[in-house]
Amino acid sequence: MLPLYIQRDSILHRLPAGAKVLLSIAGSTMIFLIEPLWLLGAVLLAIICLYPVARLPIASFAVALKHVLLIGAIIFALQLALAGFGEAMSMLLRILSLVLLASLVTLTTRLSDMLDVLTRAARPFASLGLSPPKLALAIGLAIRFIPTLLLDLKEIQRARLARQARGPSILGAAPLIVKILRMTDALGNAIAARGFENRK
Amino acid sequence: MRIQDIAYIALFAALTAVLGLIPRIDLAIVPIPITAQSLGPMLAGSVIGARRGALSQVLFLLLVAAGLPLLAGGRGGFGVFAGPSAGFLIAFPVCALVIGLLTERLWQRLNFLKSFAIHLLGGIVILHALGIPVYAFIGGLSLIDAVIATSIFIPGGIVKSIVAAWVTMFVKRGYPVIAASVQSDERP
Numbered sequence: 001m002l003p004l005y006i007q008r009d010s011i012l013h014r015l016p017a018g019a020k021v022l023l024s025i026a027g028s029t030m031i032f033l034i035e036p037l038w039l040l041g042a043v044l045l046a047i048i049c050l051y052p053v054a055r056l057p058i059a060s061f062a063v064a065l066k067h068v069l070l071i072g073a074i075i076f077a078l079q080l081a082l083a084g085f086g087e088a089m090s091m092l093l094r095i096l097s098l099v100l101l102a103s104l105v106t107l108t109t110r111l112s113d114m115l116d117v118l119t120r121a122a123r124p125f126a127s128l129g130l131s132p133p134k135l136a137l138a139i140g141l142a143i144r145f146i147p148t149l150l151l152d153l154k155e156i157q158r159a160r161l162a163r164q165a166r167g168p169s170i171l172g173a174a175p176l177i178v179k180i181l182r183m184t185d186a187l188g189n190a191i192a193a194r195g196f197e198n199r200k
Numbered sequence: 201m202r203i204q205d206i207a208y209i210a211l212f213a214a215l216t217a218v219l220g221l222i223p224r225i226d227l228a229i230v231p232i233p234i235t236a237q238s239l240g241p242m243l244a245g246s247v248i249g250a251r252r253g254a255l256s257q258v259l260f261l262l263l264v265a266a267g268l269p270l271l272a273g274g275r276g277g278f279g280v281f282a283g284p285s286a287g288f289l290i291a292f293p294v295c296a297l298v299i300g301l302l303t304e305r306l307w308q309r310l311n312f313l314k315s316f317a318i319h320l321l322g323g324i325v326i327l328h329a330l331g332i333p334v335y336a337f338i339g340g341l342s343l344i345d346a347v348i349a350t351s352i353f354i355p356g357g358i359v360k361s362i363v364a365a366w367v368t369m370f371v372k373r374g375y376p377v378i379a380a381s382v383q384s385d386e387r388p
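Chains as they are written, first to last, in the working numbering: chain Y, 1 to 200; chain F, 201 to 388.
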């Protein structure tokens, strides 16, 4: 599992992550407020032009579009049938602009920088008891847990196979959860025993 | 918040990601894939409770927004929050919260049917109530069209609620986390 970030040397890569996030939010709001079709087209063209500016490979453009193309085509067809060509076209341009703009932020920002920005944005949750070092611990643990869980899931599926267990494989989720809850308890105790809690 | 709680939160954020890796079915009519992923918020609520469950889903969305391809089909990054299914994602923490609150409240008398009903409410009603308006807005559809378009997920949601209720009862018998946390909170 690799982050979507692509390393290049460009103005967009050097821009601070927080600025990029704020700019993309402002841009998205704008895209929703723009009405005329030609302006929407121009905005989309401008966003597309930012990809070569960021020196991103053509393949990255295709990846960004891959998931939105089907959605876009279906909504375009629905709109064409319900509201006519003008509406359908402006909706398609909007969705493409939004997704390409947002993907641009992800493609040009390192995962660690992005996590920093989002951790700061999540400050309001500190009142719920999630202080920054604890949030950092949670992020690290979650990323580390993913491969562990996949391994445990495979092991349980193999065990089910070995004893010819019936029922859909999703039922393996129950023993998986009990198993990992137990592991998590042990892990929590181990971290607490090393004095992490004293750091607040 | 104890370290144990943080470990649970991280665990269920990771579990939600792993559930998204189970193969999905793309429907031709509705541009939102059916996956096991929404089992994540359901189980987070009913296994580790409202507060921790909701936080685990916030953490999951944080990791997705940061650019990890954790959503079903390997999607991730900022772009998914600009797409038509954004509302369904934002609903994940709310789902976990509602399911968690009801499960905690009914914990002593919880049985399969009650748990099933709770998951139906949280995993379908709440999820759709938050997902549909965003879907309609970004897709430029009327609310009624959006309701019809997304109703195709209801059968999948029912199946997931059955699985979630079954898992909840299994965990309640085998390794009850919610009861343990209620007891430890009561101690001075």
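One or more hints might be untrue.
What the hints assert, rightly or not - In the BS3-like style, the derived pairs of lysine-lysine whose C-alpha atoms are separated by at most 30 Å in a straight line are:
1. Y:K154 - F:K372
2. F:K372 - F:K314
3. Y:K66 - F:K372
4. F:K314 - Y:K66
5. Y:K154 - Y:K179
To be verified - Across the chosen pairs, the derived CB separations fall in these ranges:
6. Y:P52 - F:I290: 26 to 36 Å
7. F:G374 - Y:L70: 47 to 57 Å
8. F:L306 - Y:R14: 25 to 35 Å
9. Y:A83 - F:R202: 45 to 55 Å
Claimed, not checked - Covered, in the sense of this in silico footprint (three residues per stretch, anywhere, with C-beta under 8 Å from a C-beta of chain Y), are these stretches of chain F:
10. 291-302
11. 332-341
12. 361-375
Bear in mind the hints are in silico, worked out from the structure with no lab data behind them.
Note that the Cβ used here is the ideal one computed from N, Cα and C, for glycine as well.
Hints versus structure:
no., hint, in the structure
1, Y:K154 - F:K372, "24 Å, holds"
2, F:K372 - F:K314, "13 Å, holds"
3, Y:K66 - F:K372, "42 Å, violated"
4, F:K314 - Y:K66, "41 Å, violated"
5, Y:K154 - Y:K179, "13 Å, holds"
6, Y:P52 - F:I290: 26 to 36 Å, "33 Å, holds"
7, F:G374 - Y:L70: 47 to 57 Å, "41 Å, violated"
8, F:L306 - Y:R14: 25 to 35 Å, "54 Å, violated"
9, Y:A83 - F:R202: 45 to 55 Å, "54 Å, holds"
10, 291-302, "violated (count 0)"
11, 332-341, "holds (count 4)"
12, 361-375, "holds (count 7)"
In summary, the numbered hints that this structure violates are 3, 4, 7, 8 and 10.
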